[in-house]
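These protein sequences, in sequence, are chains A and B. Take the first sequence: its letters are residues 124 to 703, numbered as in this note's numbering. Take the second sequence: its letters are residues 124 to 703, numbered as in this note's numbering.
Please keep in mind that the hints were generated in silico from the structure rather than gathered at the bench. Source: prediction; values computed, not measured. There's no promise every hint is true.
Copies of the same chain are indistinguishable here, so a pair counts whether it falls within one copy or spans any two.
What the hints assert, rightly or not - DMTMM-like, lysine to aspartate or glutamate: derived pairs with alpha carbons at most 20 Å apart: (1) 198 / 674; (2) 181 / 622; (3) 393 / 414; (4) 592 / 148; (5) 181 / 641.
2 protein chains.
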Amino acid sequence: MSQRVVIIGAVAAGPKAGCRIKRLDPSAQVTMLDRDAFISYGGCGIPFYVSGDVADLKGLMSTSFHMVRDAAFFKGAKGIEVLARTEAYEIDRAAKMVRARNLESGEDLALPYDKLVIATGSSPVIPPIPGADLAGVYPVANLHHARAIKDLVAQGQVGSAAIIGAGATGLEMAEALADLWGVEAHLLEMAPQVLPGALDPDMAAMLATHLRRQEGVNLRLGARVQAILGHESGDEAGKVRAVRVDGEEIAVDLVILATGVRPNSELAMKAGLALTVKGAIAVDETLRTSDPDIFAGGDCVAVRNILTGQPVYIPSGSLANREGRVIGTNVCGGDARFAGAVGSFCIKLFGLSAARTGLNAEEALVRGMDVVAPLVVQADRAHFHPDQKLMYVKLVAERASRKILGLAALGENGDAVVGRVNAVAGLLPLGADLEAVSNLELCYSPPLGAAVDVLNAAANTCENLIAGKLRPISPQEFSRRLAAREQGDTVFVDVRAIDNAAPYLAALAPQWLHLPGETLSQRIGEVPRDKQVVLVCNSGVRSYEAQCLLDAAGITNTVNLSGGVAAAKKWGEPIIPPED
Amino acid sequence: MSQRVVIIGAVAAGPKAGCRIKRLDPSAQVTMLDRDAFISYGGCGIPFYVSGDVADLKGLMSTSFHMVRDAAFFKGAKGIEVLARTEAYEIDRAAKMVRARNLESGEDLALPYDKLVIATGSSPVIPPIPGADLAGVYPVANLHHARAIKDLVAQGQVGSAAIIGAGATGLEMAEALADLWGVEAHLLEMAPQVLPGALDPDMAAMLATHLRRQEGVNLRLGARVQAILGHESGDEAGKVRAVRVDGEEIAVDLVILATGVRPNSELAMKAGLALTVKGAIAVDETLRTSDPDIFAGGDCVAVRNILTGQPVYIPSGSLANREGRVIGTNVCGGDARFAGAVGSFCIKLFGLSAARTGLNAEEALVRGMDVVAPLVVQADRAHFHPDQKLMYVKLVAERASRKILGLAALGENGDAVVGRVNAVAGLLPLGADLEAVSNLELCYSPPLGAAVDVLNAAANTCENLIAGKLRPISPQEFSRRLAAREQGDTVFVDVRAIDNAAPYLAALAPQWLHLPGETLSQRIGEVPRDKQVVLVCNSGVRSYEAQCLLDAAGITNTVNLSGGVAAAKKWGEPIIPPED
Chain A
124 MSQRVVIIGA VAAGPKAGCR IKRLDPSAQV TMLDRDAFIS YGGCGIPFYV SGDVADLKGL
184 MSTSFHMVRD AAFFKGAKGI EVLARTEAYE IDRAAKMVRA RNLESGEDLA LPYDKLVIAT
244 GSSPVIPPIP GADLAGVYPV ANLHHARAIK DLVAQGQVGS AAIIGAGATG LEMAEALADL
304 WGVEAHLLEM APQVLPGALD PDMAAMLATH LRRQEGVNLR LGARVQAILG HESGDEAGKV
364 RAVRVDGEEI AVDLVILATG VRPNSELAMK AGLALTVKGA IAVDETLRTS DPDIFAGGDC
424 VAVRNILTGQ PVYIPSGSLA NREGRVIGTN VCGGDARFAG AVGSFCIKLF GLSAARTGLN
484 AEEALVRGMD VVAPLVVQAD RAHFHPDQKL MYVKLVAERA SRKILGLAAL GENGDAVVGR
544 VNAVAGLLPL GADLEAVSNL ELCYSPPLGA AVDVLNAAAN TCENLIAGKL RPISPQEFSR
604 RLAAREQGDT VFVDVRAIDN AAPYLAALAP QWLHLPGETL SQRIGEVPRD KQVVLVCNSG
664 VRSYEAQCLL DAAGITNTVN LSGGVAAAKK WGEPIIPPED
Chain B
124 MSQRVVIIGA VAAGPKAGCR IKRLDPSAQV TMLDRDAFIS YGGCGIPFYV SGDVADLKGL
184 MSTSFHMVRD AAFFKGAKGI EVLARTEAYE IDRAAKMVRA RNLESGEDLA LPYDKLVIAT
244 GSSPVIPPIP GADLAGVYPV ANLHHARAIK DLVAQGQVGS AAIIGAGATG LEMAEALADL
304 WGVEAHLLEM APQVLPGALD PDMAAMLATH LRRQEGVNLR LGARVQAILG HESGDEAGKV
364 RAVRVDGEEI AVDLVILATG VRPNSELAMK AGLALTVKGA IAVDETLRTS DPDIFAGGDC
424 VAVRNILTGQ PVYIPSGSLA NREGRVIGTN VCGGDARFAG AVGSFCIKLF GLSAARTGLN
484 AEEALVRGMD VVAPLVVQAD RAHFHPDQKL MYVKLVAERA SRKILGLAAL GENGDAVVGR
544 VNAVAGLLPL GADLEAVSNL ELCYSPPLGA AVDVLNAAAN TCENLIAGKL RPISPQEFSR
604 RLAAREQGDT VFVDVRAIDN AAPYLAALAP QWLHLPGETL SQRIGEVPRD KQVVLVCNSG
664 VRSYEAQCLL DAAGITNTVN LSGGVAAAKK WGEPIIPPED
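Pulled out of the complex, with its shape left as it was, chain A reads as follows:
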């Protein structure tokens, strides 16, 4: 007899599991239900629909070749029965039965299963702010929100908007509104940085600097949103008119809540299935729940963080899809494994892209790990090629084991940034060490890569740091010392050519000295010995060489500026003078 499979949830993990099941076992009877009318869509595409990059909601619901993935499509092309607008309200594990209700007709359904797949996804966290229920306040969780927001902006009803939360969704929505619709976007983040938890503060600061330079984006970090205020009378009564932030009122026509999501695990919990971190459903490597006939995947589950071994909640359409396939295989009697996640993430904002995988430095430090994570700056392809852009990377490695723990990168060529992070993502589950990255054989041709890639250089810098040959300071520390330069305990020694150094000398002497690298060995006597010396070059390479040379001469009161002036500029250092 053919097996009966019920799938609860029809957005990403659900459809993927269902299609895989039908390919492996065409005789299986697969029924997939969803409380929404919209199914099988790319939720991550919502900001791009709002911006207009994706013209039509159908774009988010179609296959690569423009077939709309609706119930008829799943029936005809995949042999899957879809029950839309149907909400499962109980899993009866003893009877192996899902009880559901058609939200249109009110009709009750009992769906027997041999195997059950829970793919109920996530819901937006609505922050406990007064006024969060006003008209004109939207989370960004589904296509209904997407359509409502886009309709408002397209009708010209939004001059100004508040976006609460500067995670990925908040940032992308800010760009969609400000860049493409000319909306004044007030991006309000409670944490002291954008993308908290996703990027280290220094990388986040570079992104924030970039955002602040964009027209129409008003970024406030450490912002406490106290209330969302509505019109109290007149035609617009009940509609949002302002937000109150740190005592100040900002007039807005729209509020976007981008304050994260939580797993939809109530149904699983009521059925007695084990939950774990953040209330997500616990699954093993086969993606079975605590009931071996019930699988779960997507935004409703937590998976193992491959680097820490701990469960981690990462809502992501990409994980959901890969989990769906593993579930499909295992529902059909296979033995596929989902080892967990390394936390790969990327974002593109106003032409600048950031990406990360594994642990960032802060996450490693919080866990008490002893790591090195130098900031390395280098061209993303041959430095003489006209398409080259600087890339800013932080490779995180454990000091004692030399094991690679993660990489973050930032730069203007988004595919190049992501390419470097992806090259490390695959190495993490295999326990690769610094030597693997130092010798990583990336493709080389001047328009597409560098003879010594920034990744190779980053691994080499980690090695030098572990060997004690490099004493870097961060752009932030550089800024602090620069601001305090009048106190006289630090001098800055610029080892670049005079063209680069001249504006700095003009602005910052006598605390800024110029000893070009190629003359340093002859002019060692001019290096101050009674102060801390910060060695400065463009990217951190020549200042490192200067440090080696001075160390050999017994002059060890030096540190070097990690990533050089390039990194300090990217970080938004306000004191350094313009060169061009």
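Model the placement of chain B on the given structure of chain A, informed by the hints.
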């Protein structure tokens, strides 16, 4: 006492080793000699200098921040003594002495060493063609050639050029001449494909199709160049006027020899050092030659192919640089290892990029390995994002062990193509299997990646192929069957929407049938049983689903078109009708 290090060769591996030595051991006395006056340049940049992308030869000889790396730079900034225009003619291993001659003054030098580094590079192979010594015939091996060629084209003296050899250099030179200078470029390749040895014939054919569509490029494969002909009298006597190819004369003003390079290993051979494949110097993992005090790196050595364990000769500026660093570490008493190479390679031509790493399918088959290597076609980011382009990939995996052996990729977003290949390059030395790529956690955001990346899909397709669930045919085989369709033993079943299928039906019926995927389960009776059925869709995904469905119904006389119509078009299939 400080150690004396002599380095022969000052282009890539040599300077890298020298700089590393001075950073690790500032007291070392490092002397670097080169027979050329040009040192420390990016030879891979020559085609981009000829094209004008790099305006000035100095661009190829400078650091990222515009310092020219000449003898004074190495002396002042690095503490390295450079002897340019100085040719080493003997290594006296017993006396630990290099004998050399200043090519300007004729002066003889004896340079004692504690450690010697051989980085003598490679020389162009001059093919044994009559007339190869005429004026106007150039290899592309150094900056003298680069300058001579660019001067000729910039002075408007070249209306037509022959490029002999369609390897990377020949292809890049063809683009430089045709695209940017409007020169009629005759690209003549003896092999039946471009990039022989670097790409499989099918990927090479896609690139060749693209090249043939470019104005000013005349590609001839399987071309036998019989002679280069010169003017016999008049002002131009002794200058090239034509090439004779397969009996035909083509008038040209310039001939570029791009027929590969051979290692400069004569000096090492004369000193009794062991040589290996292609006459390259043999080195161990520490990059020592058969004499433990003599290291060698760069284009003059062979390294271990990590996948086959055999020595392989890969001249590459990127390997040279990484080898230089390992040599530097080991000269200073360290124990760095260079495990070998996986053969990563990339090229960008007229907006199309190709890259590969590891073994391609043909290389694996020649070695008697049983592999799967399906062609998989998918968007390089979210298919609904406006920047998306199709990417064509071939992941090569060993059938029994499921070990990943290599990847080739092709597409218009060069950084995205190279990013995928780099993500696999690092996995190869670690022995990763298909599951590692199936679950590879690439960064996902609609502008930068896909929820299920083409790499994940490629690994899944390999799994399906090994499981016997997929019976693909290549675009070439599709073309052969299409050309022979009148013979009546094959029918083509198009499972796409009618918009896609209509022009094919009009042109190719009755051998072309239309059974859209979503109706196939109801119309199984219409699938012919007495003929071979080729299932066709846009990218190969829906035809695979159709195959599964038909298999389950007991209809197994089907194959599916790998990569779908997209791949057939890219391959240059002439019969299929236009859709747009």
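> Between copies, within a copy, both or neither: which fits residue 181 and residue 622 at Cα up to 20 Å?
Replying inline: between (55 Å within a copy, 17 Å between copies)
>> One pair to classify: residue 592 and residue 148, alpha carbons no more than 20 Å apart. Within, between, both, or neither?
In response: between (60 Å within a copy, 11 Å between copies)
> Checking residue 181 and residue 641: alpha-carbon separation at most 20 Å within a copy, between copies, both or neither?
Replying inline: between (61 Å within a copy, 18 Å between copies)
> For residue 198 vs residue 674, is the C-alpha pair at or below 20 Å within one copy, between two copies, both, or neither?
Replying inline: For residue 198 and residue 674, the Cα distance is within 20 Å only across copies (18 Å; inside one copy 72 Å).
> Within a copy, between copies, both or neither: where do residue 393 and residue 414 come within 20 Å Cα-Cα?
Replying inline: Within one copy, since 13 Å is at most 20 Å while 73 Å is not.
Violated hints for the displayed structure: none, as all numbered hints are satisfied.
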